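Protein chains in written order, with my numbering: chain P, 253 to 501; chain E, 253 to 501.
Careful, some of the hints might be misleading.
Given that identical chains are not distinguished, each listed pair holds provided it fits within a single copy or across any two copies.
[To be verified] Within a straight-line C-alpha distance of at most 27 Å, the following computed DSS-like cross-link-like pairs (lysine-lysine) qualify:
hint: 1; residue 1: Lys-410; residue 2: Lys-450
hint: 2; residue 1: Lys-470; residue 2: Lys-491
hint: 3; residue 1: Lys-468; residue 2: Lys-408
hint: 4; residue 1: Lys-373; residue 2: Lys-321
hint: 5; residue 1: Lys-373; residue 2: Lys-410
hint: 6; residue 1: Lys-408; residue 2: Lys-321
What the hints contain is simulated information worked out from the structure, not anything from laboratory work.
Quantities reported herein were computed from a predicted structural model and do not represent experimental measurements.
2 protein chains.
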Amino acid sequence: MSKTMNSYERVNTVEVCFSPALFPDFRNDEAITVIVDILRATSAIITAFMNGVRRLIPVATLEEARTYKERGYLVAAERDGIVRDFADFGNSPYNFTREMIEGRDIVYSTTNGTQSIMLAKESHRVVIGGYLNLSALVDLVLADNRSVIVLCAGWKNKFNIEDSLFAGALAERILGHAHFTTICDSTHAAIDLWNLAKKDVLGYIEKAAQRHRLKKNKLDDVLEYCHTIDLTRCIPVLKQDYLTLLNAV
Amino acid sequence: MSKTMNSYERVNTVEVCFSPALFPDFRNDEAITVIVDILRATSAIITAFMNGVRRLIPVATLEEARTYKERGYLVAAERDGIVRDFADFGNSPYNFTREMIEGRDIVYSTTNGTQSIMLAKESHRVVIGGYLNLSALVDLVLADNRSVIVLCAGWKNKFNIEDSLFAGALAERILGHAHFTTICDSTHAAIDLWNLAKKDVLGYIEKAAQRHRLKKNKLDDVLEYCHTIDLTRCIPVLKQDYLTLLNAV
Numbered sequence: 253m254s255k256t257m258n259s260y261e262r263v264n265t266v267e268v269c270f271s272p273a274l275f276p277d278f279r280n281d282e283a284i285t286v287i288v289d290i291l292r293a294t295s296a297i298i299t300a301f302m303n304g305v306r307r308l309i310p311v312a313t314l315e316e317a318r319t320y321k322e323r324g325y326l327v328a329a330e331r332d333g334i335v336r337d338f339a340d341f342g343n344s345p346y347n348f349t350r351e352m353i354e355g356r357d358i359v360y361s362t363t364n365g366t367q368s369i370m371l372a373k374e375s376h377r378v379v380i381g382g383y384l385n386l387s388a389l390v391d392l393v394l395a396d397n398r399s400v401i402v403l404c405a406g407w408k409n410k411f412n413i414e415d416s417l418f419a420g421a422l423a424e425r426i427l428g429h430a431h432f433t434t435i436c437d438s439t440h441a442a443i444d445l446w447n448l449a450k451k452d453v454l455g456y457i458e459k460a461a462q463r464h465r466l467k468k469n470k471l472d473d474v475l476e477y478c479h480t481i482d483l484t485r486c487i488p489v490l491k492q493d494y495l496t497l498l499n500a501v
Numbered sequence: 253m254s255k256t257m258n259s260y261e262r263v264n265t266v267e268v269c270f271s272p273a274l275f276p277d278f279r280n281d282e283a284i285t286v287i288v289d290i291l292r293a294t295s296a297i298i299t300a301f302m303n304g305v306r307r308l309i310p311v312a313t314l315e316e317a318r319t320y321k322e323r324g325y326l327v328a329a330e331r332d333g334i335v336r337d338f339a340d341f342g343n344s345p346y347n348f349t350r351e352m353i354e355g356r357d358i359v360y361s362t363t364n365g366t367q368s369i370m371l372a373k374e375s376h377r378v379v380i381g382g383y384l385n386l387s388a389l390v391d392l393v394l395a396d397n398r399s400v401i402v403l404c405a406g407w408k409n410k411f412n413i414e415d416s417l418f419a420g421a422l423a424e425r426i427l428g429h430a431h432f433t434t435i436c437d438s439t440h441a442a443i444d445l446w447n448l449a450k451k452d453v454l455g456y457i458e459k460a461a462q463r464h465r466l467k468k469n470k471l472d473d474v475l476e477y478c479h480t481i482d483l484t485r486c487i488p489v490l491k492q493d494y495l496t497l498l499n500a501v
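Please model the entire structure based on the sequences and the hints provided.
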């Protein structure tokens, strides 16, 4: 990709990391890290902020989630798609209605999503991404004018299709702008997979193991919702050890 | 993929692991692991056996390689594509001519390839794969009638395009046979990338970072050779701590 620019202008990179287990080799504390867990953690988190949650506190273990519950917090906690018995919510975006959560703080633990958030916490900025806030993410990255790492939460450290497709969609949009380039093979692969899938994403993700896990557990009512582009401008961002709305007062 | 078979018949899985760093989550001691480092380690190793090498001893560190050299072995050792000063060969398949190596033992250390071999050593069988021996690999897997993991050596723990394309080519061939199935997202992705690329693989890998690393170091004379399908039936296989020819007497 050859781009004409003055030599004093900053050139940022776009990289896609297919698994949290690979993140140590991508880590760049000067970059924005976008956490992606399309089915369903990051789609649910974006929805929660869209519906007025105040803070969302990601915790890595179920024990921590349980301790918060005992201290009176609302708690969302699941493993392998199943809500834990002590929790108020699972991982469906449909749980986070305005009536339930507006102005509240929620503690959140999921199979893959929250671990990835904490892994990236030394980044310049950690934001939560999904189709729901795609254009807002692109605009943020352009405004920040920094390198970007798209961290796919995957499934138990493995590559997954649904996160990689979104990574391709986001990377392609960002790379359409001057000052952004990539020499990262996984970024090229993600973009090519996105272009294969984009005409019928829901058809394509029939190949995805997570699509069938959700179906088996009767949790696949969210597929279309989680692939809705630009439902909101909300961007959840990590601040110290909790998520809050970008530009929240 | 629905396949009609009697219930007592074994169904094997095909999985693609995009990086050595992800292998712990794939490890299956009952499976065949195929090690892939197309540019250039596994293409070079296959060539060495095609040209009559007796044993090839993979070592993980340059220190081990140097120690073997001092004991009189022929040594192939490179890092980042550059031959080390104490070594007899680098990582080009063209180094391993019959005149140089027939009947000899070679000690071998590369940036990515040999580490992956040792990582997989507890597998039922560890074999060395590439386009050069593609059909022979498929036939071996069918004859063994076991699950297969295709381990892409990648680049310093990152996903790379050239190994993933080959993984897709191999997985697609194996999955064309009864008794083999997959629920592995990276296998589906690799197959889709292979189908995008296969009409012009050398054109497609212009996207690959390794292609440009080799060009920069004037080592890209091997691209077409390393993508030649079925040059040989030779399959190097790990036996204890060295590679030998499958079915060698």
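request  = At 27 Å max between alpha carbons, let me know whether Lys-468 reaches Lys-408 within a copy, between copies, both or neither.
outcome  = This pair counts as within: shortest intra-copy Cα distance 18 Å, inter-copy 37 Å.
query = Quick one: Lys-410 to Lys-450, C-alpha cut-off 27 Å, is that within a copy, between copies, both, or neither?
reply = This pair counts as both: shortest intra-copy Cα distance 22 Å, inter-copy 25 Å.
query = With identical chains treated as interchangeable, where does the CA-CA distance between Lys-373 and Lys-321 reach 27 Å or less: within a copy, between copies, both, or neither?
reply = within (24 Å within a copy, 45 Å between copies)
request  = Up to 27 Å between alpha-carbons, please classify Lys-408 paired with Lys-321: within, between, both or neither.
outcome  = Result: close within a single copy only, 25 Å intra versus 42 Å inter.
message = For Lys-470 and Lys-491, with the copy left unspecified, which applies at a CA distance of at most 27 Å: within, between, both, or neither?
response = Neither: 34 Å inside a chain and 47 Å across chains, both beyond 27 Å.
inquiry  = Treating 27 Å as the Cα threshold, decide for Lys-373 and Lys-410: within, between, both or neither.
reply    = The answer is both: 21 Å in one copy and 21 Å across copies each meet 27 Å.
Hint 2 from the earlier list is the only one contradicted by this structure; the remaining hints agree with it.
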